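J.: Chain by chain, the residues run as shown.
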Amino acid sequence: GEDVEQSLFLSVREGDSSVINCTYTDSSSTYLYWYKQEPGAGLQLLTYIFSNMDMKQDQRLTVLLNKKDKHLSLRIADTQTGDSAIYFCAESPTGGGNKLTFGTGTQLKVEL
Amino acid sequence: SQTIHQWPATLVQPVGSPLSLECTVEGTSNPNLYWYRQAAGRGLQLLFYSVGIGQISSEVPQNLSASRPQDRQFILSSKKLLLSDSGFYLCAWSEISGSKTQYFGPGTRLLVL
Chain B
64 GEDVEQSLFL
74 SVREGDSSVI
84 NCTYTDSSST
94 YLYWYKQEPG
104 AGLQLLTYIF
114 SNMDMKQDQR
124 LTVLLNKKDK
134 HLSLRIADTQ
144 TGDSAIYFCA
154 ESPTGGGNKL
164 TFGTGTQLKV
174 EL
Chain G
6 SQTIHQWPAT
16 LVQPVGSPLS
26 LECTVEGTSN
36 PNLYWYRQAA
46 GRGLQLLFYS
56 VGIGQISSEV
66 PQNLSASRPQ
76 DRQFILSSKK
86 LLLSDSGFYL
96 CAWSEISGSK
106 TQYFGPGTRL
116 LVL
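So the protein sequences, as listed, match chains B and G. Per the working numbering, residue 64 is the first one in the first sequence, and the count goes up by one each step. Per the working numbering, residue 6 is the first one in the second sequence, and the count goes up by one each step.
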């Protein structure tokens, strides 16, 4: 299909790791992104990965890319209550110009 | 550094009234500009994008329009609002080349009654 898919909800305990998954559509996408949206706010870029990479780590964030399966994941280590938000993945499809295709978003809830 | 502004932050309008939402970007030149709507169901819908002054591409037919009167100014308008126009409107910008990363403004929440 043409949709970038994510599960709708994820609940974790504070201190545990969170893994948010995304399946994208265009195997030729050059860049893949993760954005975070807190309630009532705009989207904040968390990180992005170039398509020739398998993994990217940035402090508590680890992005894994499986191009064969068109699967992208975001792992948040030592999840904190401040990580509660909606997380969007996005791809930059070939032929899309500068447009991005966003996933439906995963709402992460961190419980004490 | 680059910043993006949107106003107003919140707007309550009656059905049938006009609309004008403004977005401005600072610290960059000739950006690509985008308008998105985020309904209560959370997904982002691209409404319009612009690659230059006066150049607007519409993604979804609707009663909204967009204009870019200046390089770093993007305006979303409607002549007559519908109830279904309620939502959270997000403006974003990106460089004309490079990583295609989009940077978002704080959004405008519109409630049409």
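What the hints contain is simulated information worked out from the structure, not anything from laboratory work. Owing to the predicted nature of the structure, the values given are computational and were not obtained by experimental measurement. Accuracy of the hints is not assured; some may be wrong.
Here are the computed distance ranges between Cβ atoms for each label pair [as the list claims (entries may be wrong)]:
1) G:S82 / B:K130: 40 to 48 Å
2) B:E68 / G:A44: 36 to 44 Å
3) G:G21 / B:M116: 46 to 54 Å
4) G:V17 / B:K130: 28 to 36 Å
5) G:P19 / B:D132: 27 to 35 Å
6) B:E101 / G:Q60: 29 to 37 Å
7) G:S102 / B:A104: 25 to 33 Å
8) G:Q7 / B:Y94: 15 to 23 Å
Just so you have them, the derived chain G footprint on chain B, three or more residues with Cβ under 8 Å [as the list claims (entries may be wrong)]:
9) 104-112
10) 124-137
11) 164-172
Glycine included, each C-beta is placed from N, C-alpha and C at the ideal position.
J.: Between the beta carbons of E68 of chain B and A44 of chain G, is the distance compatible with 36 to 44 Å?
T.: Cβ of E68 of chain B to Cβ of A44 of chain G: about 18 Å, so the range 36 to 44 Å is violated.
J.: Take the region 124-137 of chain B, compare each residue's beta carbon with every beta carbon of chain G, and decide whether three or more fall closer than 8 Å.
T.: This one is violated; 0 residues, fewer than the three required, reach chain G with a Cβ under 8 Å.
J.: In this structure, is the beta-carbon distance linking V17 of chain G and K130 of chain B contained in 28 to 36 Å?
T.: violated, 46 Å
J.: Starting from the hint 40 to 48 Å, judge whether the C-beta atoms of S82 of chain G and K130 of chain B obey it.
T.: The hinted range 40 to 48 Å holds for S82 of chain G and K130 of chain B, with Cβ atoms some 41 Å apart.
J.: Using the Cβ atoms, figure out if P19 of chain G sits within 27 to 35 Å of D132 of chain B.
T.: Violated: the Cβ-Cβ distance is about 49 Å, outside 27 to 35 Å.
J.: Please test the hint of 25 to 33 Å on the beta carbon pair from S102 of chain G and A104 of chain B.
T.: Cβ of S102 of chain G to Cβ of A104 of chain B: about 28 Å, so the range 25 to 33 Å holds.
J.: With a cut-off of 8 Å between beta carbons, are at least three residues of the region 164-172 of chain B near chain G?
T.: holds (count 4)
J.: For the pair Q7 of chain G and Y94 of chain B, does the Cβ-Cβ distance stay inside 15 to 23 Å?
T.: holds, 18 Å
J.: Examine the region 104-112 of chain B: at least three residues should have C-beta closer than 8 Å to a C-beta of chain G.
T.: With 6 residues closer than 8 Å to chain G, the region 104-112 of chain B meets the three-residue bar; holds.
J.: Could you see if the CB distance from G21 of chain G to M116 of chain B stays within 46 to 54 Å?
T.: holds, 51 Å
J.: Regarding E101 of chain B and Q60 of chain G, is the given constraint of 29 to 37 Å on their beta-carbon distance met?
T.: 32 Å Cβ-Cβ, so the 29 to 37 Å window holds.
Violation of the numbered hints given earlier is confined to hints 2, 4, 5 and 10; the remaining hints are satisfied by the structure.
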